[in-house]
Amino acid sequence: MPALDLAQEELGHLTPEAMTEVATALELDPGYVEGVATFYSLFHLTPVGRHHFYVCTNLSCAIRGSAEIVRRFQEATGVKAPDEVTPDGLFSYEEVECLGACEYAPMMRLDQRFHYDLTPEKIDELIADRKAGRTAPPSPAATPPRERGGEPPPSPAATPPRKRRGAAPPSPAAAPPRKRGGTTRKKKADG
Amino acid sequence: MAELRGSSGDAPQNLLTRWFGTPNLHTLDVYESKAGGYTALRKALFDMAPADITNEVKTSGLRGRGGAGFATGVKWSFINRDAPGPKYVVVNADESEPGTAKDRYILENSPHMVVEGILIAAYAVGANQAWVYIRGEYDEPRRMLVEAIDEARAKGYIGPRPMGKDYPLDIQIYRGHGAYICGEETALLESLEGKRAQPRSRPPFPAVKGAWGRPTLLNNVETLATVPTIINMGGAGYAKVGTAKNPGTRLLTVSGNVRKPGVYEVEIGKTFRHVIMELAGGPPEGRKVKVFWPGGSSAPVLPESMLDVTTDAEALAAAKSMGGSGGVIVMDDSHCVVKAAYRLLQFYAHESCGKCTPCRIGQDWAVRTYERILANEGSQIDLDILRSVSDGLQNGRSLCGLGDSGGWVIDSTLRHFRDEYEDHALRHECNVGRVMAHA
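Protein sequences appear in the order of chains A and B. When we follow our numbering, the leftmost residue of the first sequence carries the number 1, and every step to the right adds one. When we follow our numbering, the leftmost residue of the second sequence carries the number 1, and every step to the right adds one.
Quick caveat, the hints were computed from the structure, so don't treat them as lab data. One or more of the hints may lead you astray.
[Unchecked claim] Each pair of labels, with its calculated beta carbon distance range: (1) A:K80 to B:R397: 37 to 43 Å; (2) A:E68 to B:R287: 16 to 22 Å; (3) B:E278 to A:G133: 44 to 50 Å; (4) A:E68 to B:N128: 47 to 53 Å.
Nothing here was measured: the structure is a model prediction, and the numbers come from that model. Each residue gets a CB set at the ideal place from its N, CA and C atoms; glycine is no exception.
Sequences are here, hints too, so could you generate the full structure?
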């Protein structure tokens, strides 16, 4: 999983090529790697915006108005569904399960930190700040979030896999190229 | 850090949260100089034999604070300290039970308390290596824990000779990636090994064959954070707090329709009326408590008439519920129970790992039945289906508790709020005005 993490940090989301490369580097079956990647909701298999809003809509937040938060995000950005990204590549969202900060509900995770006591106005503010390039660092101790998203991920042809000792080259038979987006990701029941 | 919402200060029940809110408590210096930190580790390493530590925890009567409530000292004693080869301590910091935020509260306020507890536990069970499995969304708690471990390592409390004792101890952090199922101990171990998090069948229990097939002790963050207090107070001293069968204090996360949501440390045995109406300030003006989940979304619901149930495991079992993770979710009379149950079943259906058929199929079936009922297409047949799906999910038909949890939501809401279900399914009406999110 840390290897998939690295790939996702670099590309913004996990492409089939990236998963194959991870499998090759770790000498694992590509199907196994994809199985792991599709299991966990923090691995993105389709592109996400540079600022991805993880809005909690589980019970404690729902009781305190998370539906309104999601609605305002959709109105303000024009993004209507969790798979969409704004044309400028900046914004996307998903509704997530409890993030463990229920005393501050409704809340969400954005740019590697939690945002509490959300109101529609706060959503407007957060979006405006990010459009203007104003984002507070998560905390003094935090590592700066890496730039990501925006440009399309490099294709295997453009960046040949680096040589690794002892690692077999990815064989097309073992990893048939798959259409991006056509993954077997678990359907979000609330999506 | 955001404003503290919860317990702090020197109230008698604040055994863990006494110093929370103290500036820079998260640094080793302040934790040691102000909060008396690492005295328990020193005492454990130099004044106690490993078996004494386990006995002290047994005497304290501490029960796991993760959800199952198993006796911690007994769990420790299952690990054969003298077995050759590596043994591990794995810390469950994958807090993701809906309505629960207490591990985050501890990690953000006093990460060294957790580090100290881990080191004591590792020494007691004969492990040299501990892993903290922390959920991926906990960015800030993870940073603070990393800093705390680095500080402790620099100071020589973690390393080949902690505090000069010839007993190597190390702690590593492993980041989860968003899967509720990882709160289940064997699924967590699978995930730690880099696999899809699907529960293992037991036996063998992790104490015999856990991480990488080695004897492994798994404990929750709050459980381990309590250990230094027990060593300092003595097991017998700690056992005087709380009820005889369920001693101590625990951190209850109160959320939902209350005026002062927060993480409150409570002496076990107090009533939920005290927790919800006094500590958390009760429901908003003009509203009444309708229903509450006493221990996370998986704990069967209790209606307002049962506010006087106490917070100990025995009283909750008698009320056909459980203490679970200590997440108290309060809903007032402006919300519909059927819609809330629907939202939770969506959650369980989404988080089912798919390994066991009753859970994989049953949760999805329940969601679709709720959808029919809430679309005003329900009938008596749908209520019967819910009943039978609920039975099919429960009683150990799945390897872990996720299946049962969904069943309990259906079962307990049907038991206490049958009329609301009938309003929806038979009369196609909702007598509660406000429509809740996504339902």
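**Request:** Enumerate the violated hints, using their earlier numbering and listing them in ascending order.
**Result:** Checked against the structure, no hint fails, so every one of them is satisfied.
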